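Got chain X sorted already, so can you dock chains B, H and Z onto it with the hints?
There are 4 protein chains.
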Amino acid sequence: MKIRVGIIGSTGYAGAEIVRLLLQHPEAEIVWYGSRSYVDQNYADVYRNMFELVDAACMNDNMEELSERADVIFTATPQGLCASLINEKILERAKIIDLSADFRLKRVDVYEKWYHRTHEAPGYLPEAVYGLCEINRADIAKARIVANPGCYTTTSILTLYPLVAEGLIDPSSIIIDAKSGTSGAGRSAKLPNLFCEVNESIKPYGVASHRHTPEIEEQLSYAAGMDYQAGESILINFTPHLVPMNRGILATCYASLTEGADAQKIREAYEKYYKEEYFIRFLGKDSFPETRWVEGSNFVDIGYTVDMRTNRVIAAGALDNLVKGAAGQAVQNMNLLFGLPENTGLKLVPVFP
Amino acid sequence: MKIRVGIIGSTGYAGAEIVRLLLQHPEAEIVWYGSRSYVDQNYADVYRNMFELVDAACMNDNMEELSERADVIFTATPQGLCASLINEKILERAKIIDLSADFRLKRVDVYEKWYHRTHEAPGYLPEAVYGLCEINRADIAKARIVANPGCYTTTSILTLYPLVAEGLIDPSSIIIDAKSGTSGAGRSAKLPNLFCEVNESIKPYGVASHRHTPEIEEQLSYAAGMDYQAGESILINFTPHLVPMNRGILATCYASLTEGADAQKIREAYEKYYKEEYFIRFLGKDSFPETRWVEGSNFVDIGYTVDMRTNRVIAAGALDNLVKGAAGQAVQNMNLLFGLPENTGLKLVPVFP
Amino acid sequence: MKIRVGIIGSTGYAGAEIVRLLLQHPEAEIVWYGSRSYVDQNYADVYRNMFELVDAACMNDNMEELSERADVIFTATPQGLCASLINEKILERAKIIDLSADFRLKRVDVYEKWYHRTHEAPGYLPEAVYGLCEINRADIAKARIVANPGCYTTTSILTLYPLVAEGLIDPSSIIIDAKSGTSGAGRSAKLPNLFCEVNESIKPYGVASHRHTPEIEEQLSYAAGMDYQAGESILINFTPHLVPMNRGILATCYASLTEGADAQKIREAYEKYYKEEYFIRFLGKDSFPETRWVEGSNFVDIGYTVDMRTNRVIAAGALDNLVKGAAGQAVQNMNLLFGLPENTGLKLVPVFP
Amino acid sequence: MKIRVGIIGSTGYAGAEIVRLLLQHPEAEIVWYGSRSYVDQNYADVYRNMFELVDAACMNDNMEELSERADVIFTATPQGLCASLINEKILERAKIIDLSADFRLKRVDVYEKWYHRTHEAPGYLPEAVYGLCEINRADIAKARIVANPGCYTTTSILTLYPLVAEGLIDPSSIIIDAKSGTSGAGRSAKLPNLFCEVNESIKPYGVASHRHTPEIEEQLSYAAGMDYQAGESILINFTPHLVPMNRGILATCYASLTEGADAQKIREAYEKYYKEEYFIRFLGKDSFPETRWVEGSNFVDIGYTVDMRTNRVIAAGALDNLVKGAAGQAVQNMNLLFGLPENTGLKLVPVFP
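Chains as they are written, first to last, in my numbering: chain X, 81 to 433; chain B, 81 to 433; chain H, 81 to 433; chain Z, 81 to 433.
The shape of chain X in the complex, shown without the other chains (with noise of 0.2 Å):
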């Protein structure tokens, strides 16, 4: 019997990914698709990509109910609406997999600081896992609430990781330049996403203040071996971009290196992390992602160099926003949640041009 599951925010551009992921999932069935913008209206009449593919009415956010019909639930909503929802009748009947940052931090006073918002529900953080499969595999396998991470977040992490985890960088001297699609920005009408205003621009946006910095920062913390909960934490400076174009983010990553790291050591640690994982495509030296490569697919593809002038690497990670960073993740998790090979329905080529 299929997985059946439910989808809160479906009509949003991750949660519209998720549906086109899961109908091409060989064991996974769309039982609820949830939209609050356009209850009772037919889903490919929002969604015209999915004529006589879907064949399903929009249907209201009722978490309650549908934990009854579904064994997971995504969430692609805004922030705080898992939150102020999720309780432990649904978490009896159903898993969540929150695509928001509602269960993402560990320390509800950085959240609440971070997203201007008071948490509603701070008692399920402990249990919730961070969702970012190829480092949380194990407990993700376990748990009942999923962090899906952010786009940003998920390309910055997995580009840094194995060179704060082997000690190769100093992490005071993390400096993340970041660029995206437009996608990210969502499907609401909003003026600065107008064609006209992206089109044949790019600008920076949320600079010193983009709420994926903090995300990034535990996330490294802990592979820096920190007590982050104690308040031990690195900081980095984040700056994302809007490019225009639809799908796509590059997180280009700057660290000095420490006393003993070069090229070679470098080379290593990702190998030593990356080599096994279908998901990620190490390059190499010398070899720059682009998202071109990646669009459409669960890939993250990973390159670096090492400028020895200034003892400095620069390693670059790209992936598909839509899909590694936010849907994908959300079916890679789904498929780990109930046991299945990790890339159950995921192993999509990438689309170019």
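Possibly wrong hints are sitting among the right ones.
Chain copies aren't distinguished; within one or between two, either way the pair holds.
As the list claims (entries may be wrong) - Here are the simulated DSBU-like pairs of lysine-lysine, each with C-alpha atoms no more than 35 Å apart in a straight line:
no. : residue 1 : residue 2
1   : Lys427    : Lys193
2   : Lys193    : Lys270
3   : Lys186    : Lys355
4   : Lys365    : Lys352
5   : Lys270    : Lys365
6   : Lys345    : Lys193
7   : Lys365    : Lys355
8   : Lys193    : Lys365
9   : Lys169    : Lys355
10  : Lys352    : Lys222
11  : Lys352    : Lys270
12  : Lys365    : Lys82
13  : Lys222    : Lys82
14  : Lys186    : Lys222
No lab work stands behind these hints, which were simulated from the structure alone.
In this text the structure is predicted, and so the values were computed from the model without any measurement.
Just chains B, H and Z now, with coordinates in the frame of chain X:
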């Protein structure tokens, strides 16, 4: 045992799309990545999206040798190449699916006039089957040579076929104004295809002289029951335009209604021909296709309206030029040739955004 | 002393383009930046390209007050606004150049049918002059109200005018397939205009129902010498398409040649009407316009060919929808109204790439 | 009498932009459209935006002959050409504004290391003036050879100059992550610059090896008061990225604050250096530039913030790579050379959208 596939011209955009589709096809395996331009280079170095997915070097276009190893050969090559290489020995061993125009036109004089070249294998024209699956399904299944239709032509013919076949429009009034993404121009390094030349612009080209014109005329003449070989033919106007996007073709078609024709009869004609077709999605009256809804898939979306003021029907079809307009239809033809369900490996959900 | 200009609707794309053009106009100065949506906000905060170039706050749309301060008022506003505000007091003080459709159509019934609204100032229709400068130059110079033409209509009419006027084409055979950049959709925050919805796609819209249809029909009817007011009219098919680019309109026009018409006579017709026109660049036979070559300028490029197989002419025109299709033509009209050389401030060289 | 201008390399994107700007310049006239690739072809056939605006055929790159006819020669050519042709006879007759890198770097060894070529005219390096107008205005006015700065370098240097000059940042901590539109790659027909290769993707390139690195280092070393000729130098990391847009450069710059530096002192530094500069628009704290706001103009927009958590400043600059990053600055230099107000012919209002 899987179907063994050889691809001549695997490093063009259409060839690369065949690779993408076959990597996800359950009954086929690629045994030969042909590419005259990249002989001995790793395929995955030419198309980095295939990193860790394809482990093979590019081979020369030796069709005789290839025919010993493959059950079917796709030729995704410039006009003339397939016709110059094809022979009985090859055809005894392998089926040919030719993505060039060499075997699309039954009349040698028409080919030579529009393509400005001598046909090198006219003897094979009679047996070659025009591979428009929805129309010629039965013949394709028995063919040795399948002439895979052009991208503009697939869109145009499928949009107009039922209306011509049912006598609902005056064939002499047909005007097709088509728009294509830039991948249709191929991957060769030519100035007019540079990013800055194509971006932020739209242009007509090949006005009244584009080579897809006689291909559309021939097929629609068959639909009209004309004796095309004897010189009868519909004559149309076909104008292609270049659009600043990667993929997608839209054909906007105009024609005058015949006596007694109306919107209802047009709907019935479309339903008669396409109701059972998996890959044709008929949107109905007053609903028009957009290329974004078919991108990455093998679907053709078709809609129409009737302008009673001018007594004309305006019908439009949209498809992904690299899938249903090239590689997808080629794989669909392969499925037919080998007795597989026609949509095997082709149930691709359109990728949006 | 400079011409004092007020702009109602200065924060839409067309209004902002008027600002751009007038900042570089030697004989005009803007005295009123009207914008109902941004009252009291700094104009340069709404359009950051104007930082340090415009030092003014947005004003409400009080046309009476404005008419005391300005010699000419541009209304770059939604349909209906200009008609609802205009009165004799205003017209005694200032000229009106209306960029909406309120005064473009001479027949109230046609306006009300296509625009689905009641006309609020039909009394001013007789005196309003259709501001297609190349055709109505003399009347414009004497007008109080200039109805600035639509973007699609300017392109279409200028492309076909000489052919209709000289009787070279059958008016009942005219089909116009037009393509526009996205700035034509305006700056309001609507889902269909989001970057990810427009990018990588092309779509037809308003098929057989677009409001520019009767405007084209009326003007071409005059060209044909018809008594439009009495009910005579050319009927055409006009289909607009949305293209993923910021600026530019291309109109591809099809028509059957009349007896005796040929390529040479068509050339002569274009030369007769346009040889002396600064803003119309006639490319000749077999040369077609591309929107990139006119971007940022007030030029209209026109080319054509004749298909002798079908006895049709295919002619195409291209312009920048925000310049010659809106703001540039409005300024050209202003120049006419105030006796300036018609290209004053408008000798803009197209920006490429 | 107007300044007579010759352009060597007038058919590249930078050369064509010089043409666009000079056609609108009141004090200059182009007397020589040089283009080795298009000799004897009509310039307006190579750039159709110039149809009816330029009536001249392309000339070969005979600088000696040209120097007899021109007061100033722009060389918008590949590295090495200007150095190979320059001589005393030419310089006695005409000023040279070289848009290549030949005379930008004072140290021959640095040039030869980064550009992998022998410098053919090292004797002229001492007198050549680095044409960053806002910094070297006085020297430029007296020069015979002006080395027009690179696009990335203009952006980067202007963004960081005041901070380095005032000792507010640690020079060894500087990291510049830059993003450029595709016109920076030039108009040659290369596969990586095809529309489908660039569109819908972002990539880093030339990581730790891009040639603009030493140019930035040299100029910032002067700002820091270092004896660059003697071997002292700031070392930076500079990473360019290719963005799917035609024009625009954004440089996001990171550096650690020195003791006592803060947001207020940074503001004061920018104001001290740039308050009087027409072409530099200082946006202030927490306001960041976007390339769309400068497109088509000669402006550089600069903004910044301070991250107190990491004690770093993040500053960003944006400009149009073809204008202030190439042709516009070249014309600005011409104005300086000929005693004209610096913004003559350059008060271009940015074109948006």
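If the cutoff is 35 Å on CA atoms, where do Lys186 and Lys222 land: within, between, both or neither? Let me know, please.
-> within (18 Å within a copy, 64 Å between copies)
### Query
How do Lys193 and Lys270 come out at 35 Å by Cα distance, when the copy is not named: within, between, both, or neither?
both (25 Å within a copy, 32 Å between copies)
Same-copy or cross-copy closeness of Lys345 to Lys193 [CA-CA at most 35 Å]: Answer is between; shortest inter-copy Cα gap is 27 Å, intra-copy 37 Å.
* Between the shortest in-copy and the shortest cross-copy C-alpha distance, which are at most 35 Å for Lys193 and Lys365: within, between, both, or neither? -> Cα proximity of Lys193 and Lys365: across copies only (22 Å, versus 38 Å in one copy).
Treating 35 Å as the Cα threshold, decide for Lys169 and Lys355: within, between, both or neither. Answer is neither: 41 Å inside a copy and 46 Å across each miss the 35 Å cutoff.
Next item on the list: If the cutoff is 35 Å on CA atoms, where do Lys352 and Lys222 land: within, between, both or neither? Let me know, please.
Entry: within (25 Å within a copy, 53 Å between copies)
Practice prompt. Measure nothing new, just compare the shortest in-copy and cross-copy C-alpha distances for Lys365 and Lys352 to 35 Å and report within, between, both or neither.
Written response: Classified as within: same-chain Cα gap 15 Å, cross-chain 43 Å, threshold 35 Å.
Between the shortest in-copy and the shortest cross-copy C-alpha distance, which are at most 35 Å for Lys352 and Lys270: within, between, both, or neither? neither (44 Å within a copy, 37 Å between copies)
When Cα atoms must be at most 35 Å apart, do Lys270 and Lys365 count as within-copy, between-copy, both, or neither?
Between. Shortest inter-copy distance 25 Å satisfies the 35 Å Cα cut-off; intra-copy 41 Å does not.
message = Within a copy, between copies, both or neither: which one fits Lys186 and Lys355 at a CA-CA cutoff of 35 Å?
response = within (29 Å within a copy, 46 Å between copies)
Q | Within, between, both or neither, where Lys222 and Lys82 count as close if Cα-Cα is 35 Å or less | A | within (19 Å within a copy, 39 Å between copies)
*asked:* Cα distance capped at 35 Å. Does Lys365 pair with Lys82 within a copy, between copies, both, or neither?
replied: Neither way: Lys365 and Lys82 sit 43 Å apart in one copy and 37 Å across, limit 35 Å.
Comparing the model with each earlier hint shows violations of hints 1, 9, 11 and 12; every other hint is respected.
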